[in-house]
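Add chain B to chain A, keeping to what the hints say.
Quick mapping for you: the protein sequence lines, in order, are chains A and B.
Taken in order, the first sequence gives residues 1 to 275; the numbers are from my numbering.
Taken in order, the second sequence gives residues 1001 to 1311; the numbers are from my numbering.
If you're looking for bench data, these hints aren't it; they were derived computationally from the structure.
Here a beta-carbon is modelled for each residue, glycine too, at the ideal position from N, C-alpha and C.
Chain B regions said to be covered by chain A (calculated; three or more residues, Cβ under 8 Å): (1) 1144 to 1155; (2) 1285 to 1293.
Below are the DSBU-like pairs computed for lysine-lysine, each with C-alpha atoms no more than 35 Å apart in a straight line: (3) B:K1256 with B:K1074; (4) B:K1069 with A:K238; (5) B:K1074 with B:K1260; (6) B:K1132 with A:K238.
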Amino acid sequence: MKTRKIKDAILMTMIIISSFITVGILTWILIYVVANGIGKINWEFLSTAPKGFNEGGIFPMIITTIYIVLLSILISTPIGVCAAIYLVEYAKQGKIVRIIRFATESLSGIPSIIFGLFGYLFFVNQIGWKYSILSGAMTLSIMVLPTIIRTTEESLKAVPNSYREGSLGLGASKLKTIIKVILPSAISGIITSIILSIGRIVGETAAVYFTAGFAPRMAKSIMDSSRTLSVHMYVLTKEGDFDKGFATATVLIIVVLIINFMANFMSKKFNKTRM
Amino acid sequence: MSIKEVGLPIFLNKINLKKKENQKKKIKGKEILEKITEKIFLLCAFMSVLSVAMITIFIFVKGSPAIFKIGIFKFILGTKWNPEAEIFGILPMILGSLYATLGAIIIGVPVGILTAVFIAEIAPKWLVNIIKPAVELLAGIPSVVYGFFGLLTIVPLISKNFGGPGNSLLAVCIILGIMILPTIISISENSIRAVPKEYKEGSLAMGASRIQTIFKVILPASKSGIMAGIVLGIGRAIGETMAVILISGNAAIIPKSILKPIRTLTANVALEMGYAFGLAEEALFATGVILFIFIIILNIILNILTHKVGE
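Chain A with its partners taken away, still in its complex shape (with noise of 0.2 Å):
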């Protein structure tokens, strides 16, 4: 009886050890990229093109992460969007869906280098746009697709389908009940996908890094080559500009609380609606 409480005891220490190690962790790392580099951060920095070595700021790199971002959700959106609502409200089970959904599972798991790679060969040398943002992005919105797919079949699946026998009911088409009713009681999950996508797109390096290239200026239209802010840090890293990098580490950490809290907001919100 005795050892068995003791055992107790160790596993629960163990338990708590580890909970406590991976809330420290997350918050030694915030505190430490966060201290170093909130000093670093100004109006100039934000404003500014690189200059020279290390002078100068990061605003390109702002820009063509807004452009990227941008782009891949025009393209990702309606795409997965569409093939949710094909798997929620057409498919019947059946081989094509097992091999929809095989596949997007499959892209998923693909390692970002992998998407990267893929860019290069298909998007930069085979069809031939270079280096260029329209590149990246189409490579970064294949990436994200089994974000969206996944989010937005969620939330269809979470619309009652009293919704959808009362407006069929009603004598509305499929397509009107599903345009009218079914996508605005979504809506809350389909933002909550591309707030998570957008989150992706920002943090991603090694896909755009062989895609849209690593070109520091300002990007003159889409099919030019230019770096995102996780590029330039990785640049900057490499390069051991640290005082810059901890700046750039900290602007990237403040968007990532910015989207989780978001996400974090729009998911209880839709949590609400379902109730």
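For chain B alone, coordinates are given in the frame of chain A:
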């Protein structure tokens, strides 16, 4: 009866007929629209199939020729990587990836599972409300920030305590161990929560303690879900690139100890791409093929595991 009186109903009838025809046309038009949109939705759903097929084809078509040019065994079992001398052996990178992943699992899995147990079974709700967002945030931090953090904290720590430059297998294992935590925690937590209440109640009623119930009943019952989490974690660890490059030292040599630098498969692809050409570039694509084969194997294992969960 005047012509007017006879003609009117006929006239009205004609109008009615026309209306009906129009309605029919409208309904037909609507049906066609419905059919077309359904096909568009199906087409969108097939985009992921198309993408996976294209990615697989492109990687294999561009990567495999180099493997045969170099020779399968020379490529996979060769211990030297020297593109300038046209020597392409990737055994050091295969082992580098495997060691790094193994180390990440040893560090990340116990901590991850125990944290999941804490969240699902032990922690009061207010504490769960703190830890869960923390885990989500851990998942959201960009990998390059992990690499940066590792380079400035873990690497100097290793160098100070064990000597050497600090860029090492150990540093990679620690950072990858941290990076796979969110995956393992959230999937283990879900599968622990999915264990039927009766199991727990039964065990407690038989006089088992809370901890005994967790380790003897709940964890065994959620085994396949936790395994799926571990496999996903392995996938994330073996596929990680930028964080690894920053802290691994990138020497293409089989590491003799945990404190020696390593180069992973992913790093091998990323480090030289864009600069290499000819056979050297093809050898990088070929490295991608080997990495891709690892990922396919993991996907198959994952599929088997998740189907088990379904049962």
